[in-house]
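Protein chains in written order, with my numbering: chain F, 728 to 1020; chain Y, 32 to 528; chain R, 616 to 906.
It is worth saying that the hints were derived from the structure and are not from the lab.
Since the structure is predicted, the reported quantities are computational estimates derived from the model, not experimental observations.
Hints are supplied without guarantee of correctness; some may be wrong.
[Said to hold, decoys possible] Now the stretches of chain F that chain Y is said to cover, found in silico as 3 or more residues with beta-carbon under 8 Å:
1) 756-770
2) 801-809
3) 827-840
4) 878-884
5) 939-951
Virtual Cβ for every residue (Gly too), placed ideally from N, Cα, C.
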Amino acid sequence: MFQTTIDHVGVEERAAKLGQRSIKAATKVQGIKLALSMIDLTTLEGKDSAGKVRAMCQKAKHPLPGNSEVPHVAAVCVYPNMITVAKQALAGTDINIAAVATGFPSGQYPLDIKLNDVRSAVNLGADEIDMVIDRGAFLSGHLSKVADEIALVKEACGAAHLKVILETAELETYDNIRKASWLSMEAGADFIKTSTGKLSQAATLPITLVMLEAIRDYWYETGKVIGMKPAGGIRTSKDAMKYLVLVKETLGDVWLTPHYFRFGASTLTNDLLMQLTKEMTGMYQSVDYFTVD
Amino acid sequence: MKKNSEAPHLEIVESRRLLFGDLWDYAPSPEKPVNLKKHYDLFIDGKFVPAKSGKTFSTINPATEESLAEVALADEADVDRAVKAARKAYQNVWSKMKPAERAKYIYRIARMIQEKARELCIIETMNGGKPIRESRDIDLPLVAAHFFFYAGWADKLDYAFAGRKARSIGVAGQIIPWNFPLLMAAWKIAPALATGNAVVLKPAETTPLTALHLAEIIQEADLPPGVVNIVTGDGGAGAAIVNHKDVDKIAFTGSTEVGKMIQKAIAGTKKKLTLELGGKAANIIFEDAPIDQAVEGIINGIYFNQGHVCCAGSRLLVQEGIVDVVTRKLWDRLRTLRVGNPLDKNTDIGAINSKMQLEKICSLVESGVDEGARMHQITCDLPERGFWFRPTFFTEVAQSHRIAQEEIFGPVLSMLTFRTPEEAIERANNTPYGLSAGVWTDKGSKIFKIASKLRAGVVWANTYNQFDPASPFGGYKESGFGREGGLHGLMPYVELI
Amino acid sequence: MTERLAILKTYKLYIGGKFPRTESNRYYQVTSAKGKLLANASRGSRKDIRDAVVAARKAFSDWSGRSAFNRGQILYRAAEMLESHAQTFIDEIMAITGKTKKQAGDEVTASIDRLVWYAGWADKYMQLFSTVNPVATKYWNFTYPEPTGVVGIICPDEMPLLGMVSKVAPAVVSGNTCVVIASETNPLTPITFSEVIATSDFPGGVINIITGFKSELCGPLATHMDVNAIDYSGQDEKTISSLQEAAATNVKRVVIRRTPHGNDWLGDTSQSPYWIEPLVEMKTAWHPVGS
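Only chain F is shown next, with the shape it has when bound in the complex (with noise of 0.2 Å):
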């Protein structure tokens, strides 16, 4: 396996002269549809309830009520106990529907009750699982105990896709992300993903970049695809369309679809669609003409 340091002060300029591609008319409008179509709704919050999921899932279905050039999106992301509000509310969409679970978002719980937590996510209709890494473990050196983990989880997900979710913020150096982002694919995610979103920092260009980057490398090496998420923290059209640039220059037109590139977020979806307005009206646009589910 080859392996590499990151400089950390070239990594940034990278991402940060990537981030200045010029996107504009055409070229913003398919973005921002191609966007749309990777976004993976989502709701993580302790007072999720059925309505609000049902809602979500409605936004889902149809992003811009009255335009059918508008795509759905990916799949919504929920807690385990929202799956069959979800199932019932997405009946007969080709979206999928992923749960976070082992024990999300801390990770901190007996390897039982996540393998446990995954089989029933599934069981209960779960397409993709979204796990946590053990970042306590990572960083005080157990890299097999996390490795192990991942495959057991891989194992239980069965024919559900796996996204190994890193909590950058909390592995801190580029080599680290890297190093736990070449671990989880050798032990078997299907994604990668930056966050869980609960904490301050989560998604950045330099962080997703060092992830895309690896993935590269990964298929240099092995020819598997294995597909990125970066998660938290992308609310603008702006900086979605950084990613897609991103995406496009670091791993090419492969990836550039749903199948392997996804964003996790909430209200990007919002600014997606008044961003895509504007295109279309030639006006600047409110939110108050967009509906917040």
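Once you have looked at the hints, place chains Y and R on chain F.
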């Protein structure tokens, strides 16, 4: 997307080549060209005047080959006028002015450049062919910063030279190249003014326009007439400056060939001289380097400004254990470079500055193929008109190949390999040049060791092509002498008493 | 037709980029040279000092982390702002001190030029004070200055504008943040100057200005455990020795300047990179050399 559907069949995976296609491509995003004047005159004694001979030459946009304007062609007589104006301004006004007031003029120029940055960077790109992204984000900010930096020195010279007082020299004749037209003008003019000298500057023949717009700024800033004079023209005007009896100092940036001619021409005179000449810099990648950033540094090292950079990292030295991985990553990165309209904000590689330069690049690349090196060149579309060269690199290059020895000054990289640090140092230094070098390794002690052994004026570690007005720049050996930038950049423009 | 009644300015403090009233709500009257009441100035208290130090400490990491170029630009911007408000300052100084137009004008233009002068030092003082040290072993050894932290500045009573600019500029140019006890006899001009600071892109908290009685304010500032240096200009020996003593509580760097005095403030001798140097710490780093 179908639920649990199979991913699209990925033929590309089998051959393990990333697919950089047009699934989601960038729409054109060009800056609007600036309306230029039809005619540009010389700037002498605070006024714009035609050449005495009345002659002009046409300056073009290398990306379209269209003429942009007619520019006055200065000859010996015009240079003489300019030198006389400079001498008068030097004696009567500029050398006598309170340093703090001198500083204020230079600050004014810096501020006006910031205010007009957008217009200036567009003209720079139209006249020189460099991508707008670079003229906007690199050239223009550095131009303004350079004036700011040296403005501050004007009234602080007493602190710059321990135990000595600095005195201005007189009239400085400055001849600059076409690769960073306005930035090189800033590098030359700012320290000369700060130290109290008057200036006669000659921009390169192919890129006179931004210097003349700078002249407008200088005029608007109310700089006393004659302190800065700008004469446009060809090599004849340059020679007239070099040979003028009343010029006290020559500062030249350009080719080593011309640099040697100048050094010879002023031999036996009392003129002071600084030369910033060519280079063939080694960019050394060790196995323990941060590879992805190193690849980025290789790209930035050689494809920045179409490779029209004297300090370009044109000789890539890669440690043997990572040759395959570097080659593969470099190739995949190279394919994402966007070549085309320099005014488009997404263009990475613009036009080659002139037909002459393009021909030189082509002939050296041909020699590389003939001598047996392996060429890797991307296959992008190029505009029909204008001067273009696709980003290229060579592997299997031997130290004796012309492409490993001669300065190509284009987007062409030669990759060589090495086994040990000693070998890397030996190869890096095995050149008549000595302007710059790059070192990539995660090991700090190695950086300091290699840096101390490299016979080069600037060494970048885990980065490349960084510039700052506070940082001195200049070469060893045939890359010239004297430093520009920083405290050290004052030295060429003062006499110590 | 009756003459229009002027709107009077309320002179408050300047802390953390805002203009709060003094916490104690006390005031003292400032009269013109001719004895006319000009304003009720804020009589700051120890609690204002406390708040100002918190603001200064909070601003330190951002300000010291900025590029030297950026700090220089901001100081230069302050000079631009001061130049455009020069007349306001001239009028105010004339009214309070009874100085002639020429004298007040000299003070204001010297203040502008001094800001420009120190703006230029932002990216230069380091080249002056740094060294590469040729140690005998296989190490790369270099020394360079870093800002010391929060500086407490006690301004002279004379030259309320120039005295303050001359003290504050060399402190903040290197990245320090400061708490300034302004001229006691003319506390109005320093607060008017804070309006210049507030419109010059200085982040809030880099410069904080407290007006009031030095007898009440110097003690809390000099004993404050989160202040790294005390920088005093004036001739009051009692204050000087008490500051020196108080500074020992947490080993503050102490700068005492008995000169310049009077019109000397206007001259070039009252500006120097050696006014920057006492408020920086020298750091030496060792690094091995070898492959």
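Right, here's what the structure says about each hint:
Counting residues of the stretch 756-770 of chain F whose CB lies closer than 8 Å to any CB of chain Y gives 4, which reaches the minimum of 3, so the coverage claim holds. Evaluation of the coverage hint for the stretch 801-809 of chain F: breached, as 1 residues show C-beta separations to chain Y shorter than 8 Å, against a requirement of three. For the stretch 827-840 of chain F, the assignment as covered by chain Y is violated, since 0 residues bring a beta-carbon within under 8 Å of that chain's beta-carbons and 3 are needed. With 0 residues having a Cβ less than 8 Å from any Cβ of chain Y, the stretch 878-884 of chain F misses the three-residue criterion, and the hint is violated.
Only when three residues or more bring their CB closer than 8 Å to a CB of chain Y does the claim for the stretch 939-951 of chain F stand; here the count is 5, and the claim holds.
Violation of the numbered hints given earlier is confined to hints 2, 3, 4; the remaining hints are satisfied by the structure.
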